[in-house]
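Visitor: Sequences listed follow chains A and B, in order. Start counting the first sequence at 1; every next residue gets the next number (my numbering). Start counting the second sequence at 413; every next residue gets the next number (my numbering).
Incorrect hints may appear among the rest.
[To be verified] The calculated DSBU-like cross-link candidates involving lysine-lysine, where the alpha carbons are at most 35 Å apart (straight line), are: (1) A/410 - A/398; (2) A/275 - B/511; (3) B/476 - A/280; (4) A/183 - A/161; (5) A/275 - A/17; (6) A/398 - A/42; (7) A/398 - A/250; (8) A/17 - A/50; (9) A/275 - B/476.
[As the list claims (entries may be wrong)] What follows is a set of in silico ranges between Cβ atoms, one per label pair, in the way DEER data are often shown: (10) A/62 - B/442: 37 to 47 Å; (11) B/481 - A/146: 51 to 61 Å; (12) B/504 - A/257: 13 to 23 Å; (13) A/360 - B/531: 50 to 60 Å; (14) B/431 - A/360: 33 to 43 Å; (15) B/528 - A/180: 44 to 54 Å; (16) A/319 - B/430: 36 to 46 Å; (17) B/473 - A/346: 55 to 65 Å; (18) A/319 - B/479: 26 to 36 Å; (19) A/343 - B/492: 50 to 60 Å; (20) B/514 - A/326: 38 to 48 Å.
[To be verified] Sample of chain B residues lacking proximity to chain A, with all beta carbon distances greater than 10 Å (derived): (21) 476; (22) 480; (23) 522.
Note that these hints are calculated values from the structure, not bench results. Quick reminder that beta carbons are idealized off the backbone N, C-alpha and C, glycines included.
Each chain, written out:
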Amino acid sequence: MTEHAWIEAHFAEIRPKAIAALNRQFRDLDLAEELFASSCLKALQSWPGKGLPDDPFAWLLTVARNAGRDTLRRQKPADVLAAAPAATETPETGYIERLDERGLRDDVLRLLFVCCHPALSPQDQSALALRIVAGLSVDEIARAFLVKPKAMEQRITRAKKTIGRANIPFEPPTLTERHDRLKSVTLMIYLLFNEGWSASSGEVHIKAPLCDEAIRLVRLLLTLFPSISELMGLLALFLLQHARAKARLKPNGDVILLDDQDRSLWDGAMIAEGKALLEKALRHGTPGPYQIQAAIAAVHADAKTSQDTDWQELAQLYGALYRYEPTPVVKLNQAAAVAQVRGPQAALDMLDPLAEQLADYRWYHATRAGLLEDLHLFGDARAAYCKALSLGPTHAEKRFLADKIAACEKNL
Amino acid sequence: MYYSILIYMADGVFESLPQEQQDAFMEIHRDIQETQAAKGDYAVARLMPVTNAVTVRDGGGPDKAPLIVDGPFAETKERFVGFYVVDCETLDEAIEIAKPLAAGYGAIEVRPVGWGGGVLSTDP
Chain A
1 MTEHAWIEAH FAEIRPKAIA ALNRQFRDLD LAEELFASSC LKALQSWPGK
51 GLPDDPFAWL LTVARNAGRD TLRRQKPADV LAAAPAATET PETGYIERLD
101 ERGLRDDVLR LLFVCCHPAL SPQDQSALAL RIVAGLSVDE IARAFLVKPK
151 AMEQRITRAK KTIGRANIPF EPPTLTERHD RLKSVTLMIY LLFNEGWSAS
201 SGEVHIKAPL CDEAIRLVRL LLTLFPSISE LMGLLALFLL QHARAKARLK
251 PNGDVILLDD QDRSLWDGAM IAEGKALLEK ALRHGTPGPY QIQAAIAAVH
301 ADAKTSQDTD WQELAQLYGA LYRYEPTPVV KLNQAAAVAQ VRGPQAALDM
351 LDPLAEQLAD YRWYHATRAG LLEDLHLFGD ARAAYCKALS LGPTHAEKRF
401 LADKIAACEK NL
Chain B
413 MYYSILIYMA DGVFESLPQE QQDAFMEIHR DIQETQAAKG DYAVARLMPV
463 TNAVTVRDGG GPDKAPLIVD GPFAETKERF VGFYVVDCET LDEAIEIAKP
513 LAAGYGAIEV RPVGWGGGVL STDP
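With the rest of the complex left out, here is chain A (with noise of 0.2 Å):
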């Protein structure tokens, strides 16, 4: 990793606590960005000389509070600071003082209920915390959500405007809208967990702070709603992907994929745990898409070796999911298994009708260029890996497509 990634690494470690306190101090998410950014900016001229500072994220905490004061200085007269509308009390301000009164003041849930303000559409929500909590760039939720870039960035402007001019009534939620506003919180928890998994481009693969964040604040979660089994599943699920962590990547950031990955290296105990959670979850016969998941990172998990998988159980579950889940995405997951247990043919059958709807997304071109591999249509696997390289993969992802596209051509 150069120092410049090995610096990156750690913003994206701060990023949600700073940009979470920043927003309760000057209640301006713009702001708190805006003074996030150019704190960093600065660390970057300073750290690589002088070294890391002792505790980063206090100095880039206090870099940005003191610009934050000078530009509200010249901005407005104090008065109007104290009477700013406070953009961070929303209906469930009654259930984070629970943290608050444990002993678990929690700024960033905090921020998260924030960006699930109801005023907001769901995909709204998500777009915003992508953004405000996990620090990724316009293009990379474009990306995420399948859209263009363009229309991500007035989505998410005019969601920074909803929030700063809406009133909220200080009334204490109904039970479906604490119901639905929890729901969209967990959400958000996937996604940055989902962007920590897998970044979605840079030169970073893994942003493994932004795991450990998602972890923190699902357990937080299920701390306060103990019975829920969604949230049981998910924080299951979130244990048995992190498990896998040390043996994803190569020394030098290349990808290792799970067939070839050393398992020696997966974290027993996380996965002890996470199937114990999962269990648990389960006897609530209360299934959804967030068990479902975790089953499937289970059935890795129990896997001793790749040929050990049970394939044929994914199959299923996946099947399961797309009833929850009827995307395209999912079907491809599905469509991974069944060339396991069907064959290659059979896979690429399921992925046909999806062509138009992940054109852009590269693991649809990646898995079938595997497939194709699989067949010997070294042209065509060699074509699909192409375009997969074409659609903004990571560093870690270039190298190894470009690996596949050597072997393809040598196979020719």
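Following the hints, complete the assembly by docking chain B onto the known chain A.
Guide: Below, chain B without anything else, positioned relative to chain A:
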């Protein structure tokens, strides 16, 4: 006499410590385990977070099925996170073993064992 050493800790405290401190704490545990293993019988268990637990509770009568609920989620700050059973001559000796565990992180209860048995494999 067997003594149990019961460890209580607030949720999330251990996980939020810096890595070096977590490592140092685990080192204390390794020391205890090595010393006790050299001496003879001992037992140790580290419990998973309380979010993984269920409570089986009396259903309210002999003919009622027991209730199975998530938790325990008592509104307490400190939770039971693990225990040792060690073989000691005196209470003082057991307290000496417990002391390093208390260092700043939690409360340790030392209680004599009335009866003990069973075998645990070290590789669950």
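Visitor: Hints first: check each against the structure and report whether it holds.
Guide: Here is how each hint holds up against the structure:
{"no.": "1", "hint": "A/410 - A/398", "result": "18 Å, holds"}
{"no.": "2", "hint": "A/275 - B/511", "result": "34 Å, holds"}
{"no.": "3", "hint": "B/476 - A/280", "result": "22 Å, holds"}
{"no.": "4", "hint": "A/183 - A/161", "result": "23 Å, holds"}
{"no.": "5", "hint": "A/275 - A/17", "result": "29 Å, holds"}
{"no.": "6", "hint": "A/398 - A/42", "result": "30 Å, holds"}
{"no.": "7", "hint": "A/398 - A/250", "result": "14 Å, holds"}
{"no.": "8", "hint": "A/17 - A/50", "result": "24 Å, holds"}
{"no.": "9", "hint": "A/275 - B/476", "result": "30 Å, holds"}
{"no.": "10", "hint": "A/62 - B/442: 37 to 47 Å", "result": "38 Å, holds"}
{"no.": "11", "hint": "B/481 - A/146: 51 to 61 Å", "result": "42 Å, violated"}
{"no.": "12", "hint": "B/504 - A/257: 13 to 23 Å", "result": "57 Å, violated"}
{"no.": "13", "hint": "A/360 - B/531: 50 to 60 Å", "result": "58 Å, holds"}
{"no.": "14", "hint": "B/431 - A/360: 33 to 43 Å", "result": "40 Å, holds"}
{"no.": "15", "hint": "B/528 - A/180: 44 to 54 Å", "result": "50 Å, holds"}
{"no.": "16", "hint": "A/319 - B/430: 36 to 46 Å", "result": "45 Å, holds"}
{"no.": "17", "hint": "B/473 - A/346: 55 to 65 Å", "result": "56 Å, holds"}
{"no.": "18", "hint": "A/319 - B/479: 26 to 36 Å", "result": "34 Å, holds"}
{"no.": "19", "hint": "A/343 - B/492: 50 to 60 Å", "result": "52 Å, holds"}
{"no.": "20", "hint": "B/514 - A/326: 38 to 48 Å", "result": "54 Å, violated"}
{"no.": "21", "hint": "476", "result": "19 Å, holds"}
{"no.": "22", "hint": "480", "result": "8 Å, violated"}
{"no.": "23", "hint": "522", "result": "26 Å, holds"}
Of the numbered hints listed earlier, those contradicted by the structure are 11, 12, 20, 22.
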